[in-house]
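Asker: Sequence:
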Amino acid sequence: MRKPTRHRSTVVAGVLAGGLLLAGCSDDGGSTSAEGDGSCSPDEITLIGQVRNQTNPYEAAWLTGGDTFAESVDLEQQHLTYDGDSQRQQEQIRQALAGSGIECTVFNVLPNGDADTAPIVAAANEAGAFLVTQWNKPVDLNPWDGFDRWVAHITYDGEESGYLIAKALFDRMGGSGGVIALQGILDTSAAQDRFAGLERALAEYPGITLLDEQTANFDRAEALTVTRTLLTAHAEHVGGVWAANDDMALGAVQALEAVGLDNVGVVGIDAVPEAIAAIEAGTMTATVSSDGPWQGAIGLAMGYCAATGELDPASIENDDRAFFAEQFLIDQSNAAEFAAPELDLADFECGSLFDRATGPIG
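Note that the sequence shown covers residues -23 to -1, 1 to 339 in mature numbering (1 follows the signal peptide of the UniProt record, and there is no 0).
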């Protein structure tokens, strides 16, 4: 099994909410120049990572991975965070694309929802910036549909991850009892697919009852509040909490501890350090790792290789331009292996960029 990654760099605290000063190739944001065909020198390249926030440990780890890659090529990653606000995300992208040197700029972006991906892709492609997106996109929108600057889209088999953690939870419960579910942002493929995985597992475990499900938008504080509310109605019957990410799972753990329910299984997704520690301590049952630091690094690495001309997006097979990446189930049997992971910079060499691809997005 591939070893997961360690956070090596320190996450930069500042959030760039306004315009960016981008290192320059040309001022023409509507067409590509000689540099735009993949002949940027390394010192001309600007690297930008955009996630929702840095309070979510998984997204903070994503940016840390990006910092590590940037450092390895003697650059710095600029951080953009939009706090789950789609309008703010689009505005940040627009402002970044209004700068100079766009054809030597690389974006590694977490779209807030599926509907946000199309305008980001269109704007980056028109301006000539290199773009990698992750997690969220409409099923009928693909990099090979005329988007020569959209290098790749990376996601994970959300149904499988939702299914794996559900099975781990149900087995811990002995195959019977009641569970509550905390959904993520409903307008995202990640949330929808993960919940489909829960439903698949429920069909296989007739002794398990889904007592209730509500969205907590991938947010710990919201999950704490939602879980408290659900426990008011279902405390006597809850044997497990299924959460669509670790941040919500950790909020659920707080709510359970507050009312003295210490024998309720809790599962999540992302393998953030707190979740792994909770699994080792027995307060969580399982999580799935998508390896946030690797995600933060790989998107920038793909764009960097395209910008320097070492990777031609048009020559990439469709199966690698929109693909599922490798993920790992973590429980008490292997949590120690994931407690201190580290980045292997060889994973981000131009000839190794697709080594974690497990198959095309179907």
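In case anyone wonders, no lab produced these hints; they're calculated from the structure. Every residue, glycine too, gets a C-beta built ideally from N, C-alpha and C. Take the hints with a grain of salt, since some may be wrong.
[To be verified] The following label-pair restraints were derived from C-beta to C-beta distances:
id, residue 1, residue 2, range
1, D239, D60, 43 to 49 angstroms
2, E257, G151, 19 to 25 angstroms
3, E319, A95, 34 to 40 angstroms
Asker: All hints, please: hold or fail.
Answerer: Hints versus structure:
Taken as a hint, the range 43 to 49 angstroms is violated for the pair D239 and D60, whose Cβ atoms sit roughly 33 angstroms apart. Checked against the hint of 19 to 25 angstroms, the pair E257 and G151 passes, with Cβ atoms roughly 22 angstroms apart. For E319 and A95, the hinted distance range of 34 to 40 angstroms is satisfied, since their beta carbons lie about 36 angstroms from each other.
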